[in-house]
Amino acid sequence: MSYSREITTFPLNPVVMGKLLQVGFNLASSLISLSPVNISLSAGISVDEAKQVLKIVQEDVNTCLQISGECVAKSAFDLLCAEQEQEHIVTFCEAVDSMLGGGVPVCKLTEICGAPGMGKTQLCLQLAVDVHIPEHLGGVEGEAVYIDTEGGLILDRLVELARSAVLHCQQVVEASQSTLDQSSHALTVDKILGGIHCFRCHDYYELIAAVQLLPTLLTQNEKIKLVVVDSLASPFRHNMDDMSLRRRLLATLAQSFLRVAANFKTAVVLTNQMTTKIMPREGDSHHIPALGDNWAHVSHNRIVLTRDCSNNKRKASLYKGPNKKEELCFFQITLKAVANSWLCVSKLFGSSSKLELVHVIHGAHHALV
Amino acid sequence: MKTGKATGPDMISTEMMQALEANMSESRQILTLSGSDLANLSGLSCRDAELLKTHIASQLIPQGPLTALQILKDESLQPWKLSTSCPVIDKVLKGGFLSGVISEISGESACGKTQLCLQLCLSVQIDEKNGGGAVYICTEDVFPSRRLQQLIRFYNSKRRSHKFGDNIFIEHVADFEGLDLCVEKRLPALLARGMVKLVVIDSVAALFRCHYTAAQMMERAHHLSQFASVLHQLAAQHRIPVICVNQVSANMDGPGINSVTPALGLTWANQVTCRVMMSRVESSEAVEDQQPNHTIAKNFPTYRQLSVLFAPHLAPARIKVYIDDTGMHGIGAIT
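These protein sequence lines map, in sequence, to chains F and E.
Residue numbers for the first sequence follow the UniProt record's numbering, beginning at 1 and rising by one.
Residue numbers for the second sequence follow the UniProt record's numbering, beginning at 1 and rising by one.
Honestly, the hints are just simulated from the structure, not real lab data.
Take these hints with a grain of salt, some might be off.
Rough simulated footprint, nothing fancy, chain F against chain E, three-plus residues with beta-carbon under 8 Å [claimed, not checked]: (1) 53–60; (2) 147–156; (3) 177–189; (4) 221–228.
The C-beta atom is built at its ideal place from N, Cα and C for all residues, glycine as well.
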């Protein structure tokens, strides 16, 4: 990283600054490598003054390094311990959870790809609700930031999912007859909705602005454990002709997301659209995640949602994941009508890949039972 | 938002802002630079560059994040729903078509797409709170004025002394020049006046399907996404529903011989938030109307069907519908 702050912008004694400028020290970078004695000789200032100057410059360099995330080394053992303690946000769908090794991991980027209508937004909404599940029920008891670029955040659906999650938590507590029921009463629909912080972004400027504001927001609110961007693809695929700009912006955004995930211990969930790739030789075409090859390197986990042609079931497959092998599972987005009302409660549930929905987890995740 | 007017944080001198202004026409473009690029360009320290970016970001999103609860309590932040004037169809759509996004009605010919659109043009005028006039862009056929008059006679009883016909703006477009002119120039001007609360395009498929050959699919995709992005902008900016009619194409991989999918492929599907499909079903069973007020001929050999294919807030569902003098009506769910 190049460091090029001008000397004039530092809070220095004007006499000292004048002398430094006279002998051609315009940029702070030219000072860092020199010793105080060298500076004092060439600029004609005292050694103490030179030390003072270096101290101020060095402080600024350090803060810059901190911002850019180049921080101290950690031992592999520390990292292993940290990884084992890593929390997961459950999806309420056992098959999808086990595919991801227990849910969507915090400190990681998870990308959900799929054609329209495959359930990307549903999975995101579900996660935004599930992040609130109290700790004693196996959740992470956090809050969520939801960056909506497509207008898919429909409150009706969010309220439905929140109601069903609250109901479910109550049932679990009642079934286990635990003494902790007071704290679970605290989980209400209002609490869930109050803990989902929404940005509605209409173009990529607003998306970048929202991402730029994330560190401040996450510092102020330490409960936030999940950042959802639904979808990352649409602002970069609508009317975006400059491909080099797109690549640059996506790379910058990727850095910001990685920093947010690592520094604030949050899960970052991004959705991506699908695009058609035409094989040059065979003239054949198939669907691949959009945003190109450069982007494909960024996310830690990549899930592709598709629909099985033969039996019309929804399919989720782990396309890329550092901890798990490639896997495939079926899931459903279900509707369960509550008596005497038109409200539909729905949950994601699923079965293991081979058994094809033989055992239906009745809206429950194993961690909750 | 010009940089000159946007005052930066205190530590940024006017010279620096001028230096940035020389490179950037808008202050929001500063956001597209990475922190170190901005530092190099402006001579700020990395830290100050980050502060500058955060400052501009907070200017771009002045209200900051809103919690879902705040949005729920304030109706003006939520999309409103355009009723179809039929309680059964509204129930399936949970209130109607969403504002602020693109909804699609697809289907083979003569399955009632245009009928539903005409009905929406009238029912948007009944909604006194959010409603208003409608724009109807025809690309396929001549606008069915006679049918509209027939429907207006019925709707007059719902809102008396309202001239329904005066609030529907009809535009015939036969080529891309006309379509682009209409959508990019004339439509924003009309919407800016605030009278129009619904845009119907009947249909998007007609032009995009016939003007491009198979070798020009890349161009078509590009043009489609550009077109959709304008519609998205208008829908979000004016908080109106945009309804696009689409044709269907035969589905080769799907089950059944007669299965069809909406036309225009994945590019267009990615732009659509809610997708509704209509179809005709040959059937010998009698259609039973659950609403005794309506008189319809029993034993229709065919009936029409409306299905929700996807929407963020709706479950996939299918209902039978029929069309009579007074418009389209739902009958009941198909299980």
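Status of the hints after comparison with the structure:
1. 53–60: Contact hint for the segment 53–60 of chain E vs chain F: holds, 6 residues under 8 Å.
2. 147–156: With 0 residues in contact (Cβ-Cβ under 8 Å with chain F), the coverage given for the segment 147–156 of chain E is violated.
3. 177–189: violated (count 0)
4. 221–228: n = 3 at 8 Å, threshold three: holds.
Violated hints, listed in ascending order, are 2 and 3; each of the other numbered hints is respected by the structure.
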